[in-house]
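*Asks:* Each chain is listed here by its residues.
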Amino acid sequence: MSWELFLDPSLLRLAVAMSVPLVLASAGELLMERSGLLNVAIEGMVTLGAAAAFLASFAAGSTGLGLLAAALSGVVVAAVFAHYAVAWRQEQVTVGLTLYVLCLGLSSLLYRVVVGVRLTPPRVETLQPVVLPVVGRLPVVGEVLFHQHALVYLSAAVVAVVHLVLFRTSLGLRLRAAGENPVAADTVGVDVFRLRRASAAAGGALVGLAGASLPFTLTGTFTEGIAGGRGWIALMLVIFGRWTPVGAAAGALLFAYVEALQFKLAMVSRAVPPQFLQMLPYAFAVTVLVRAYRGARAPEALGKPYHREARA
Amino acid sequence: MTTEAAARGRWQVVWPYAGALAIALALLAALVAMLGGDAAQALAGLVRSSLGSGAGLGQTFNKTTPLLLGSLAVILGLRGGVFNIGVDGQIYAGAVAATGAAFLLSTGPKGAVLPVVLLAGLAGGAVWGSLPGVLRARLGVSEIFVTVMLNFVAVFLVEYLSTGPWNDPTAGEAITRAIPPQATLPYLWPRAGAHAGILLALAAAAGVWWLLFRTVFGYELRAAGDNPSAALLGGVPVRRAVGLALVASGALAGLAGAVEVSGFHYRLILGLSPGYGMMAILIAVLSRRHPVLAVPAAMGFAALLVGTDSLQRSVGLPASAVFVVQAVVLLVLLATEGVRRGAP
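So the protein sequences, as listed, match chains L and D.
So that you can map any letter, position 312 of the first sequence is 311 in numbering that gives the first Met the number 0, and since no number is skipped, the others follow by simple counting.
So that you can map any letter, position 298 of the second sequence is 297 in numbering that gives the first Met the number 0, and since no number is skipped, the others follow by simple counting.
The set of hints was computed from the structure by calculation and includes no laboratory data.
Note that the structure is a prediction, hence the values are computed from the model and not measured.
Idealized CB from N, CA, C, for every residue including glycine.
You can trust all of the hints, since none of them are fake.
Coverage of chain D stretches by chain L, computed from C-beta distances (three or more under 8 Å per stretch; other residues unrestricted): (1) 22-34; (2) 136-146; (3) 269-282; (4) 325-332.
Quick list of simulated restraints, FRET-style, between CB atoms: (5) R193(L) <-> D167(D): 54 to 60 Å; (6) L4(L) <-> W209(D): 55 to 61 Å; (7) V13(D) <-> A78(L): 29 to 35 Å.
Put together the whole structure using the sequences plus the hints.
*Replies:* See the structure below:
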């Protein structure tokens, strides 16, 4: 086995493609967490997004409708979460875990109702790569970065937009204030409740799209375990990236690389049982997490309900 | 408080549960109707197949066992302020250890083999819980992620063992060879097919209650969960208590895995846990983190599981529907609590 395998352009290209669900889901979660909402339902929301995308595309034959359905499913679940967390001040991890279970069940249930029982699972069309003009002709870099499907370019744009909104606009400043010190923010006229609900909805749409990317770019089908822990890993990436969209996206690329590498290794090596290679990304996640926690500082009010009448 | 007020207070606790149950049953009926079945007949069948017959009750007891042990595992964590989302992985780790012990001791006497198999399950789960425990105690790493990631590792480990070295070549599936008869759990109620696991689970519920409310460790754990900084100032070794709680939590889940192997499947299989860990979280919240209240809650969920199993056969209700119903029960309950709290 030669070391060139690890830098093979086709491997890197696969890694970039596989980063899409992680980039979108972590960007969505990050938006919510910056406003103070800790949503641990996103593994379920990714699954539901995948189901919604698959089913809309299966029933209507349109990938665009599939993306829309996935985003909408994310918005709805996130809105429910935000209502419990913001209006009813329920414990956010509890509500998140409950919604996680609900989303998993709902995904399979919807699949069963729409698709029914079949011998061979139906497939939907997957996205084809779009070669960008000029940059697509660059050697190696062109193949790795610019021979990708549309969602890769979309997720790069999402990272840029989330970064700019959070750190270069007054809306972003207010959103971060709601997550750091809601009392102070409220005092100067920031509507903490509305901001939290809005950031949940926006983040939910991104998490739903992350789900859509799974059937549309990787599998073409829907199965119960389609998310495969990507939602949980996205949740970790937010910490890994120190609550910045660029940092989280960098982490997403790293994880996607390990994931893609595991596929490559399984093709090359027959000596190691495939299950041990499949453990690799998850074991890697734990190792990285240990380092990520060193010196990490979450938004001050993360996970804490804001109650106007409560004494600080 | 006057008796009248006390009665009203009790009623206020009870009615959201009754309401949530009614909504869940209505939801289930609607699902059955949507799939083209007779809703009234289905609900009657649900109750009959889970609680209304000896065999049904036996199945409900068998399902109560892993659900109760799993929810006790979650409760132990929650009391210390940590979320053990890795019960499924710990169940698998316990099942692996128990199966391995059963294979190793295939020639031993029954009286010795079974206890060792169950203890191996406890140990396997404890090992799986110790990694998040240590990382949390030493480095402050969130146990949520570590426990979840270890779920995936455990599932792949079981897949490897059940298709590889321990595979039963005649089965053609992800199933291991059967464990020797000395390693199997005896029946409690043979005619109903109920094994003795329920007794272990009930004993564990009593044990967790005793641990939480009658020992220094339990006091420290609860203090750590209620207010970590105050506990620390009061001299409670918060990190140690929380880390140990995760290890003990893993051990309880591991025992559930061992019981599933030695009492129900008699082998290790890939689908050993149909999401017991997730249901355990819901049960723990539903029972307000109380080990004794977890008993009826786990039994209710088990009855729902057995009942929807029969609906799966009769009207083709997907197995996952039970997740929807269980989650809705909890969401309704959380909503009624939320509404009472009033405006933000």
